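Peer 1: The chain contents come next:
Number of protein chains: 2
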Amino acid sequence: MTALLIQQFLGELDVYMRHIVDETVPLPSDFSVMLRYPMGWVDENNQPYPQHTGKRIRPVLLLLCAETAGQNWKAAVPAAAAVELLHNFSLIHDDIQDNSPLRHNRPTVWKVWGEPHAINAGDAMFTLAFCAIESLVNHGCPTERVLQVWHIFNRTALELTRGQHMDMRFERQAVVTVDEYLSMISGKSAALIATCAQMGALIGSGSAIMAEQYREFGLNLGLAFQIRDDILGIWGDPKVTGKSISTDILSRKKSLPVLFGLESSEALGRVYGRESFGEADVHEAVAILDEIGAQQFAHETETLYFQRAVAALETAHPSGSGADSLMELVNGLFTRKA
Amino acid sequence: MTALLIQQFLGELDVYMRHIVDETVPLPSDFSVMLRYPMGWVDENNQPYPQHTGKRIRPVLLLLCAETAGQNWKAAVPAAAAVELLHNFSLIHDDIQDNSPLRHNRPTVWKVWGEPHAINAGDAMFTLAFCAIESLVNHGCPTERVLQVWHIFNRTALELTRGQHMDMRFERQAVVTVDEYLSMISGKSAALIATCAQMGALIGSGSAIMAEQYREFGLNLGLAFQIRDDILGIWGDPKVTGKSISTDILSRKKSLPVLFGLESSEALGRVYGRESFGEADVHEAVAILDEIGAQQFAHETETLYFQRAVAALETAHPSGSGADSLMELVNGLFTRKA
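Chains as they are written, first to last, in this note's numbering: chain A, 1338 to 1675; chain B, 1338 to 1675.
So that you can see chain A by itself, here it is in the shape it has in the complex (with noise of 0.2 angstroms):
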């Protein structure tokens, strides 16, 4: 039952979003293989591409607001393709800022296309999900409520390039506290997700205390989803993960766990300090965390965000088909391996 209604939601999110894509405006071919590749609808010479990219957490959390909050997912289509051309916006950028050069296992649109084609193809998957978010008008959704969910989606967009910001800014400040850190995931992944439970769950009810609930339950397991990352960036298991081991050690990225180890341990400093940085220096970084429990204390952060975000969506009372979908993706992210 769950697993057909979650094959509903993407069967219909799937139309929807080619909709939008192929048919706001006619764009030249050559233009428009730079917004169907990193969706993962064609490889980069326009070419149906067989394997499918991305999750999809975003758009199918936000339809299961929407299904729990008030049992009208449909009309929430169109907003959760929007938030899922945000994301694929932001990952496009983010891939020309960090330098990235694969994404899913295949070249980053950046790698591709070069970075001035990139820049662009990112702002037009940004307009996109906005033109996405106005066609909610033609749903069924009341004018009024269209720019209630308009005001929250302009708010997140900005609030995403605040998180960027300061995510950009870490990379050269030389201490960044873990209070900070957690700041800037908020503004970051964990605003994104807070939104789609909050949009979701407005167009599904028309209830903005509802709302509000979904909110607090989105942005919790949004902070618990990002922190996972870090785990996984660090201790994931490679086969699992697809990453290489530790990726994100060999990058020198500040996460959770790595902040924690800066703050109670000079000798991961001075490893992280060494002008050069290899295999070995990653092993040693990593014995340090091991040793100081910087995975236990992610794990134990990860957790109370988590607890927080299943008390809050006890509160909202999800209710109907949607609810042990919900309950059960909500568990399916906290035990993620990938």
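Derived from the structure by calculation, the hints contain no laboratory data.
A couple of the hints might just be wrong.
What the hints assert, rightly or not - Here are the simulated DMTMM-like pairs of lysine to aspartate or glutamate, each with C-alpha atoms no more than 20 angstroms apart in a straight line:
| no. | chain 1 | residue 1 | chain 2 | residue 2 |
| --- | --- | --- | --- | --- |
| 1 | B | 1448 | A | 1452 |
| 2 | A | 1448 | B | 1452 |
| 3 | B | 1591 | B | 1621 |
As the list claims (entries may be wrong) - Listed next, the stretches of chain A that the computed footprint assigns to chain B, with coverage defined by at least 3 CB atoms under 8 angstroms from CB atoms of chain B:
| no. | segment |
| --- | --- |
| 4 | 1428–1434 |
| 5 | 1502–1516 |
| 6 | 1529–1540 |
| 7 | 1613–1619 |
| 8 | 1641–1649 |
| 9 | 1661–1675 |
It should be emphasised that the depicted structure is a prediction, and the values quoted were computed from it without experimental measurement.
The C-beta atom is built at its ideal place from N, Cα and C for all residues, glycine as well.
Given the structure of chain A, go ahead and fit chain B onto it with the hints provided.
Peer 2: Just chain B now, kept in the frame of chain A:
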């Protein structure tokens, strides 16, 4: 009288743009400086900047259209702020894409803060443009009309990315026809000016028909405007334009006079095809353009669009105190030397 009205516009516009940039959400000052700097309010150290940058042509045009179509310019101030923010967003990203180090005699955003931060600053400026459109609701614009304006704005933003794509493609395309070029500028500079006229008239009058007439005016004005830019980029007086002589030829830009030249003179193709290209080649290219009457061709094309713009404006019957100012602005754009 005319000057007084424009002064009033610029004053209210400035207040409103600062409100949107500084107060939509609190941003850390090392981030907001990247938005305030390109607006010309501060220097790169966030200190007040004594000189104004940017002519604010687009928002002034929008407000004049709101005033002449419905004697209601104040309701349109948020939309005027939005088009100026959108214009500035596109400049921030264009400057990265074109690798341009200078704008208004100051280092560009990417030159000061690096490409990753400039991409992010552009994204934030883009988002703020949507926030400004949204805020029309609080300025007495009826909800339904706000949705119409938003629709136009979304399509225009997407159109701008299409125009930018074509512009970048032309740089590498061996043969570009005059028709292809006109289609490209219809999607870039002219699309935004058309939208200014249309949105202004729509907010001012509430009449979609009148707004269409204004759009027709704006589109032709925008085409004439871009062609004037092309002429000045080759034959402009460096003392007046503030740019080096024939700057567009030195960068081998495929502007209208050049495309006309390449269609009618093989000699120009040979000069443009040279591997290294210096001052002597620029003089040779300009001499060929002069000989074949490229400036005259461009000027005639510009005049044609200008006349169409004036005819479309007459059909729209602009009225009230702004009508003279609007004609003055239009004539000023046609005869401008910089």
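Peer 1: Looking back at the hints listed earlier, which ones does the structure fail to meet?
Peer 2: 6, 7, 8, 9
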